[in-house]
Structures are given as C-alpha cells and as structure tokens.
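Chemist: Sequence:
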Amino acid sequence: MLLLQKSPASTHVMHLYDIFVMKDVDILVLEYPHHGMTLFENVQRNRGSLTEYAVKHIIRQLVVALQHCMHHGIFHNTHMKNILIYPNSLQVKLMDFRGALILPETRADEPILNAAVRKHAEWAVTDDIRILLNALVPRISPWF
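The opening position of the sequence shown corresponds to residue 1 in the UniProt record's numbering, with each subsequent residue numbered one higher.
Simulated crosslink set (DSSO-like; lysine-lysine; CA at most 27 Å straight-line):
no., residue 1, residue 2
1, K81, K93
2, K93, K119
3, K56, K93
4, K81, K119
5, K56, K119
6, K56, K81
What follows is a set of in silico ranges between Cβ atoms, one per label pair, in the way DEER data are often shown:
no., residue 1, residue 2, range
7, R98, E122, 19 to 29 Å
8, I27, A135, 25 to 35 Å
9, V25, R130, 27 to 37 Å
10, K23, I59, 33 to 43 Å
For the record, the hints were derived by calculation from the structure and aren't laboratory data.
Bear in mind the structure is a predicted one, so any value in this text is a computation, not a measurement.
Beta carbons are placed, not taken as given, at the ideal position from N, Cα and C, and that holds for glycine.
Generate the whole structure from the sequences, applying the supplied hints.
Modeler: And the structure:
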C-alpha cells in the first residue's frame, strides 16, 4: 500500500496514514470510511437494481483506480466485497489488498519474464472487471 501513496495519490484507493510493524503483526492505519459500505452490501440493499448511470459511474472509477494500482506495480484482486462505495455520491474506493499481486522492481536482465507476469496480471484484472460488470448488470451475456 505504500507504493500507492506515492504522488500523485488516487482518491479511489483507501488512504494509508501509518504502519506499525511489530514482531507478530503489522498494523495499518487507514482512513475511516464514513457512511461507506462494500459494493456487495450496496447491491444487496438495492436488490440488485442499479441504474445504468450508477453502473457506468462505478465501473469508470474502478478502471481509474485499477490503472493507478497497475502503474505502481500492484494488481488488485477485485470483487464486490473489497470495493468500498459511498451510496450518496457513488464514489468508489479500493480496499483490502491482501489478495493483490505486487510485482517486484523490474530487472533489466529478465524483460520477457516481467512482460509475461505483467500481461497475465492485466488479463486477471480485466477478467475481474468483466465478472463484476456481469454481477452488476446480470442481463448481459458473459461472453461479450
């Protein structure tokens, strides 16, 4: 998460304020999500009926957030339970980076390996967005 706090920081990723590294546990101090809920909770609350505008707004912000993460070498494992949404504004923030793939600094002597790992991670992120879109708009075909 420290990589994501480098300038310019994204408004679509939970802000990390501090880290305490202890012998048995690491403690992260993150921003407090006032009035926020997971996207999963929001969809359940609305009985799965989100407007086209809401879905477009959510996906657009999600793509911006994921591009920010990928730019910093972090590939977020995206699903409805690790996306925070503020229902009144429909603002989206990524949270819970436990399942994220963090690419190490690229080495000049392994460009093909680095490209292969990055390409696989990009495909996984793209598939996560497809699955999420299919969950938000269940009437569309999963093979678009």
